[in-house]
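Top to bottom, those sequences are chains A and B.
Residue 1202 is where the first sequence starts when you use my numbering, and the numbers rise one by one after that.
Residue 91 is where the second sequence starts when you use my numbering, and the numbers rise one by one after that.
By construction, these hints were calculated from the structure, which means they are not laboratory data.
Even for Gly, the Cβ is constructed at its ideal location relative to N, Cα and C.
Take these hints with a grain of salt, some might be off.
Unchecked claim - A partial selection of chain B residues facing chain A, derived with a Cβ cut-off under 8 Å: (1) I147; (2) E150; (3) L170; (4) K183; (5) M185; (6) K202; (7) I203; (8) G214.
Unchecked claim - Partner residues aside, some chain A positions facing chain B, computed with beta carbon under 10 Å: (9) H1231; (10) A1237; (11) I1238; (12) K1239; (13) Q1242; (14) E1247; (15) L1248; (16) K1251; (17) L1252; (18) A1256; (19) A1259; (20) E1271; (21) E1276.
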Amino acid sequence: MITGRVTIINSSADYYRIKRPTIVVAIKTHPDIVLAIKYVQAIVTELNNKLCHAAIIAREYDIPIVMGVEGVTKEFKTGDKVTVDIKRKMIWKTW
Amino acid sequence: MEDLVIELFSCTYRMDLAGIKKYLEQLWREYQVIINGKPNWKQINRARAILYFIGHIYPEWIAVQSLERRVRFIKPSITLDLLLIAVDRNDKKVMKKYQRSEVFQKLVQYYKIVKNIKNRVVNGTYLDEATFNKRYKKLQPKDYY
C-alpha cells in the first residue's frame, strides 16, 4: 500500500507543477509524465488497458499502478492524502 | 485506409511482423501527410479515423487480444503481464530463459512494433495529437454534432 498526496492531471501542464512525491491521478497519462517521473509514487487511472500509455510507463519505470478506477479524477482533488492498495485496486482518503 | 487495415489484420492473424510494421507505418505516414497538409473536413476525419485506429483500437484491443491468445503457447508458461514487464524493464533473466522460444521472441517483437507506434511522440503529444486537434478544431463545422 502507498500513502501520499494526490495530483489530479487535467492537462500536460499539471506535470510541470509536480515538485514533490505524489500519487498521479488521471483519466490517462501524457508523455510529459516522464518529466515528473522521479516524484511519482503511484499512478491511478480511469482507463484500463495493458497497452495504454500509463501501463507502459508504469512497467518501464517500475511504478505501482491501479487502472480502471472509474470517476477517480472527480472523486479526489489535488492535495488530498490518500492510500492506494495496488493488490485490491482501491484508493481511499486518509486522514 | 480500408485496404491497409484489412492487410494489417491479415498480417496480424499470421503474425507476419514485417507486414504488421509495414502497414502500421503506412497508416502513420498517411495520417502525417493529412495533418501536415491542407486537409478539408473529409480528409481530417480520415486522419481522425487513422489516429483512433493506430492509437487506440489496434494497440489496446487487437494487439492485446493477439498477445493474450498466443501467450499461452509459450513454454514454460508465462503470463502476458510478466512478458510485458520483461520487455519494458529489459529483464535479462526472463529474456535469457525464453531465448529459444520462437513464440516468446515473436510476441516480444510484436509488442515492440506496436509500442513503437503507440508511444510515438511528435510535438509533445502522442501521435502528434496536438497538431491533429488544432486542425480538427479549425475545420469543424459550426453545426457539427
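- Query: Quick check: which numbered hints come out false for this structure?
  - Reply: 1, 4, 5, 6, 7, 10, 11, 12, 13, 14, 20, 21
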